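**Student:** The primary structure of each chain is shown beneath.
Number of protein chains: 2
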Amino acid sequence: MNPTEYLSANDARIHEELFDFLRIPSVSARSEHAKDVARGAEWVATSLRNAGLDAKVHSTAGHPVVVGEWRRAGAGAPTILVYGHYDVQPAEPLDLWQSPPFEPTIRDGRIYARGSVDDKGQLFLHVKALEAHLKTRGTLPVNVIVLAEGEEEVGSEHLAEFIESHKDLLRCDGVIISDSAMFAPGLPSILSSLRGLAYFQIDVRGPSGDLHSGSYGGAVVNPAMALARILATFHDADGRIAIPGFYDAVRDWPENVRAQMRALPFTDEGFRHEVGAPALGGEKGYTTLERIWTRPTCEVNGLLSGYTGEGAKTVLPAVAMAKVSCRLVPDQDPKEIERLMKAHIERVAPKGVTVTVTHLHGGRPWRADLDGPLFDAAKRALKAAFGREPVITGEGGSIPVVGDFQRILGAPVLLVGFGLPGENAHAPNEWMSDENFVKGMRAIAELWDEIGKGR
Amino acid sequence: MNPTEYLSANDARIHEELFDFLRIPSVSARSEHAKDVARGAEWVATSLRNAGLDAKVHSTAGHPVVVGEWRRAGAGAPTILVYGHYDVQPAEPLDLWQSPPFEPTIRDGRIYARGSVDDKGQLFLHVKALEAHLKTRGTLPVNVIVLAEGEEEVGSEHLAEFIESHKDLLRCDGVIISDSAMFAPGLPSILSSLRGLAYFQIDVRGPSGDLHSGSYGGAVVNPAMALARILATFHDADGRIAIPGFYDAVRDWPENVRAQMRALPFTDEGFRHEVGAPALGGEKGYTTLERIWTRPTCEVNGLLSGYTGEGAKTVLPAVAMAKVSCRLVPDQDPKEIERLMKAHIERVAPKGVTVTVTHLHGGRPWRADLDGPLFDAAKRALKAAFGREPVITGEGGSIPVVGDFQRILGAPVLLVGFGLPGENAHAPNEWMSDENFVKGMRAIAELWDEIGKGR
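Chains A and B are the protein sequences, given in the same order.
Just so we're aligned: the first sequence equals residues 26 to 480 in our numbering.
Just so we're aligned: the second sequence equals residues 26 to 480 in our numbering.
Bound-form chain A, shown alone (with noise of 0.2 Å):
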């Protein structure tokens, strides 16, 4: 028996095994599920040691971390880490679960269950692919690591500082993370950028206190004002970035990427609909995917100034504040961005009013090397399982334990994730395809063999 006739096989098992994963309700945010988050960690654990891993349960100052280690591939032999999480979101509103969240229930080829596809279905998947090899053809042809943490949906608080400390024991050559979504049904994908961040807070004082707009109004600069003003020299009319120096570190994506992405099944029709606004907008010259995976952003999350309740009331405020944020790529750093940022606001800021520029939150955009050994292997993979080739994909938002890994371990990530779009991984009625659990399993799998062909 190879290690997909295992899974083949044992099928109805590996299920039942996941329904029980599923059943404890590990919620990371909640104090009084504190029990069942331990409880899911020993779970993770005991599930490791049976598919023949050791494993244990590190405490740390918050929720647990499970580390399962095989390590017999022999000497020189290369190292792999997988990272998933067993914590799940809260379930409520629990009224608008059709099933409850905690029983675990298929209906149209969908499992429905809290965490299911964030992340216990793709955790537990790499589990029983490891099992498969173990049990089928007693070794791996790596070194495995299997980190699994409890925190993951509040913030992965404590896991750099895990990282950090255990580097020794986590040292690897390269990270699997299957946390993600394929673009689509049935079309396997590579997860190959994620942007990074540079938040700032902009405050603008003018006078010392409110002032009446009719006794005052004219003489005095207006904060508010001069915040839109501010705001309004960001961007050029075609939508381009207009800080200087913005753009000098982005690298330019190759053209087969940029070709592979627009042959993606996406339409701007679909997604203005998605978003519901009136028209789609962006920098000119890029689809609407590249305008979100490739290019960065600078946008106002946040506006305050003055009276903003109902109906008339004449101040010209004396203070006025936004919340900007640019999303960054590669090789974009936000420390430079941030160098710019002020440069630019003190450039364009006008006399009468003091302008303060605050970074509150940064972090590196990624980009995956999508030339390296562990890519080619993940893409002969998924062709196997899925019947496909793989599209590369990318992500505007961030994944912030990518980057941690990426610069404790030196090592290069990989993300290959077997959500689909729509399955509410946050919301109730979270499900995750009963397909690509399957698949998945057998997908990686058989990445294990591509890795080993690979050496």
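There's no promise every hint is true.
Intra- or inter-copy, both count: the list cannot distinguish identical chains.
Calculated cross-link-like contacts (lysine-lysine; reagent style BS3-like; alpha-carbon spacing at most 30 Å) [as the list claims (entries may be wrong)]:
| hint | residue 1 | residue 2 |
| --- | --- | --- |
| 1 | Lys160 | Lys478 |
| 2 | Lys338 | Lys160 |
| 3 | Lys309 | Lys367 |
| 4 | Lys60 | Lys81 |
| 5 | Lys309 | Lys338 |
| 6 | Lys376 | Lys309 |
| 7 | Lys404 | Lys478 |
| 8 | Lys464 | Lys404 |
| 9 | Lys360 | Lys338 |
| 10 | Lys360 | Lys192 |
| 11 | Lys309 | Lys360 |
| 12 | Lys192 | Lys60 |
| 13 | Lys367 | Lys338 |
| 14 | Lys367 | Lys404 |
Calculated from the structure, these hints are not laboratory results.
Owing to the predicted nature of the structure, the values given are computational and were not obtained by experimental measurement.
Chain A is already provided as a structure; the job is to place chain B on it using the hints.
**Tutor:** Structure of chain B alone, referenced to chain A:
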């Protein structure tokens, strides 16, 4: 004895009476003071009767209106209406008063009490000037109506209605109001203009709900950024309003009035210090006082969009709102400004968002006819009482009753006030200069003589 000698001879009694008036806590905003407000109305009526007028307290849906009349000037004599208010602002916070708000106290030549300058002292000096004429000469050169309302501090809610429904009673050839301030101590002032108002709310709507700024940012038009870009089109680089047609109805001020305004004892540095701004600003080519008194504005009064709490939240907001108001100068019309504003915004609003402009509130600007006989008489009377030529001043805000009188009664309005800068009209420790109270009485007594000479 002439009226001036009468005022001198009765100075002690007049002060005692004023203090009685100031002791009545006629706070129109507080229902617990409703009886005090009614008592204030009766007190004014009695005082008018003692001066030699007929007087009646008219009840309204709110606080009473007192009307005094003296109509024995003879066939064909014109009628002058004196307006004032006997209600006062709340006195709170009480602990900041150096002497009790309703126990008038003279310190350093100032009469400290709630309502001393706003407007009881100024209303009462008119009553005493009339008394001085009627007690010494037994007559007045014109018919006189005194209208004292009790709702000025709560928006004069029922006054326009009262004037409208008592048009015959109140028909007159001129209105005198003393409820404003002199430009500086010793400098008698005629307030010659008020700005109007067109107050808008601008609502910008983009996507149907807030979006994640990572997953969508760059491909969806950001309503907060769109709003900022719209607001930034309202002025050009010289601080001039760039809404097409905005200045079409603006009348230039006569050069001699501008020259007189430039000669007023005023420094930009003093004004800048008063408002506490790092620098002043405004429309190029005009002085600070001209900017406030003679030029229209377009100000942001409020801004609200997205996340405005502490820290960073990566939201692409669905909506953004601005409160924007234009101060208007003669002959701008709020309705026309609404039309221009809406047309401008329609022109500059970017695709991808829906913009709604709502006109919340409008008021016409006002400018006195500086060449009428009432003004000539006032100038001579003020010079006689204060020993120097009065100055012409403006006001950047609005006094809605001025428009009401002019519109409903069709009579020119003379605004001659005896307050002073820093008099704390709506704050603790309100005061009126005793010198101005005394000279104000004399000036108004002179005014009746001057009006008589003009006939």
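**Student:** A separate judgement is required for each hint: does it hold in the structure or not?
**Tutor:** Right, here's what the structure says about each hint:
When the C-alpha separation of Lys160 and Lys478 is checked against a cutoff of 30 Å, the pair qualifies only within one copy, where the shortest distance is 20 Å, while the shortest distance between copies is 119 Å. When the C-alpha separation of Lys338 and Lys160 is checked against a cutoff of 30 Å, the pair qualifies neither within a copy, at 74 Å, nor between copies, at 47 Å. In the homo-oligomer, the alpha carbons of Lys309 and Lys367 lie at most 30 Å apart both inside one protomer (25 Å) and across protomers (28 Å), since each shortest distance falls under that limit. Taking the closest pair of Cα atoms, Lys60 and Lys81 come within 30 Å of each other only inside a single copy of the chain (17 Å); across copies the shortest separation is 80 Å, beyond that limit.
Proximity of Lys309 to Lys338 under the C-alpha cut-off of 30 Å is restricted to the inter-copy arrangement: shortest distance 27 Å between copies versus 40 Å within a copy. Taking CA atoms no more than 30 Å apart as the test, Lys376 paired with Lys309 passes between copies only; the shortest distance there is 14 Å, against 33 Å inside one copy. Taking identical chains as interchangeable, the C-alpha atoms of Lys404 and Lys478 lie at most 30 Å apart only when both belong to the same chain, with a minimum of 13 Å there against 104 Å between chains. Taking the shortest Cα distances, Lys464 and Lys404 sit within 30 Å of each other inside one copy (14 Å), while across copies they are farther apart (95 Å).
For the identical chains of this complex, Lys360 and Lys338 are inter-copy neighbours only, at 19 Å across copies versus 40 Å inside a copy, given an alpha-carbon limit of 30 Å. Taking identical chains as interchangeable, the C-alpha atoms of Lys360 and Lys192 lie at most 30 Å apart only when both belong to the same chain, with a minimum of 26 Å there against 71 Å between chains. For the homomeric pair Lys309 and Lys360, the shortest alpha-carbon distance inside one copy (26 Å) is at most 30 Å, but the shortest distance between copies (39 Å) is not. Taking the shortest Cα distances, Lys192 and Lys60 sit within 30 Å of each other inside one copy (28 Å), while across copies they are farther apart (80 Å).
For the homomeric pair Lys367 and Lys338, the shortest alpha-carbon distance between copies (20 Å) is at most 30 Å, but the shortest distance inside one copy (33 Å) is not. With identical chains, the CA atoms of Lys367 and Lys404 are never at most 30 Å apart, being 43 Å at best within one copy and 56 Å at best between copies.
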